[in-house]
Amino acid sequence: MDRKSLEAAAADYSYLKGLLSIPTGVLFIIAGVTNMRWGPLDHAWVTWAAGGLMIVAGAVYLWVTRYYAENYGRITPSSRARTRAGTGAAVGAALVAGAVNLDWRVVLPLSATTVVFALVMYVSYAIGMRPRPHHVAVWGTLAVAGVLPIWGDVGATGRINVGLMLVGVATIVTGLLDHAALQRAFGPTQGPDLGGGDVGA
Amino acid sequence: MSAPSDGPILDRLIHEPGRLALMTVLSTVESADFVFLQRATGLTKGNLSSHLTKLAEAELVTIEKRFVHRKPNTNVALTTTGRERIAQHWEQLDSLRNFSARPRSE
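Protein sequence lines, in the order shown, are assigned to chains A and B.
For the first sequence, position 158 (counting from the first letter as 1) is numbered 286 according to the working numbering, and the numbering increases by one without interruption.
For the second sequence, position 85 (counting from the first letter as 1) is numbered 160 according to the working numbering, and the numbering increases by one without interruption.
Incorrect hints may appear among the rest.
Listed below are the simulated BS3-like cross-link pairs for lysine-lysine, each with C-alpha atoms no more than 27 Å apart in a straight line [unchecked claim]:
{"hint": "1", "chain 1": "A", "residue 1": "LYS132", "chain 2": "B", "residue 2": "LYS120"}
{"hint": "2", "chain 1": "B", "residue 1": "LYS120", "chain 2": "B", "residue 2": "LYS146"}
{"hint": "3", "chain 1": "B", "residue 1": "LYS146", "chain 2": "A", "residue 2": "LYS132"}
{"hint": "4", "chain 1": "B", "residue 1": "LYS120", "chain 2": "A", "residue 2": "LYS145"}
Rather than coming from a laboratory, the hints here were simulated on the basis of the structure.
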């Protein structure tokens, strides 16, 4: 294994825990669907069901976190990496919130929510690790979807909530591909002399 | 701990491929556990354990044994000396590579 791969191992691991993206993506989809209040979904029980699904998604997130820790290990990133990740997350969240606000207040021929989320995600991967081809494909496709000439007539609610649903799908797809990339880089979950065990030193 | 005396240029304790891989991975994090180090380096459990013991004896890493969710977990971190030694070792390898890349007439 070469020096660059070894030095990138911890950052790659942090970014490629893709199964964590599944509950996150589901939350985006739930938020979009619930906010839309389409015909059969325009009932009070939908809000309760969405709340229940969010709790389930949170529990799944914790379970997946433990799955990765037990099968692929635990790391404590350097303080520099933690600061960079925290700052990036805060800036990214502010940009996406700004885009949602823009979609709400201004009639645009695009979904700013979708486009900005795609750009924020791609840049966050590019800063933290060497982006894989699927990052370009998924986030590029989402950004293109955000500028298609279909957003002018759907209204603010449509631009934001359909955008959130597309974001959710893209997040799930990226997560599945990230997990596959993780397995290629670090090996399958279980294998000869691999996974789950800690014989110590 | 002083620098090793068994080589004027390369630190043989660190230069062994398994230990070099381990210390390189550890140099990018505050700490990592046994399972992650095994995944990142591709070493077997036995080899990893043996290398970690040697590095700990040389005071290049600290090993903390703990329980996480009632399961044993071994957490490893570079010491300040270890961090300096691996950085110095890569500098030496880079200078050796640069030296070997020079034209013979120089």
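>> Between the alpha carbons of LYS146/B and LYS132/A, is the straight-line distance 27 Å or under?
In response: Not OK: LYS146/B and LYS132/A at ~32 Å, beyond 27 Å, violated.
>> LYS132/A and LYS120/B were given as a pair; does the straight-line alpha-carbon distance stay at or below 27 Å?
In response: holds, 23 Å
> Is it true that the CA of LYS120/B sits at most 27 Å from the CA of LYS145/A?
Replying inline: It holds: about 23 Å lies between the C-alpha atoms, which stays within 27 Å.
> Within 27 Å, alpha carbon to alpha carbon, are LYS120/B and LYS146/B?
Replying inline: Answer holds: LYS120/B to LYS146/B is near 17 Å, not above 27 Å.
Checked against the numbered hints listed earlier, the structure breaks hint 3 alone; every other hint is satisfied.
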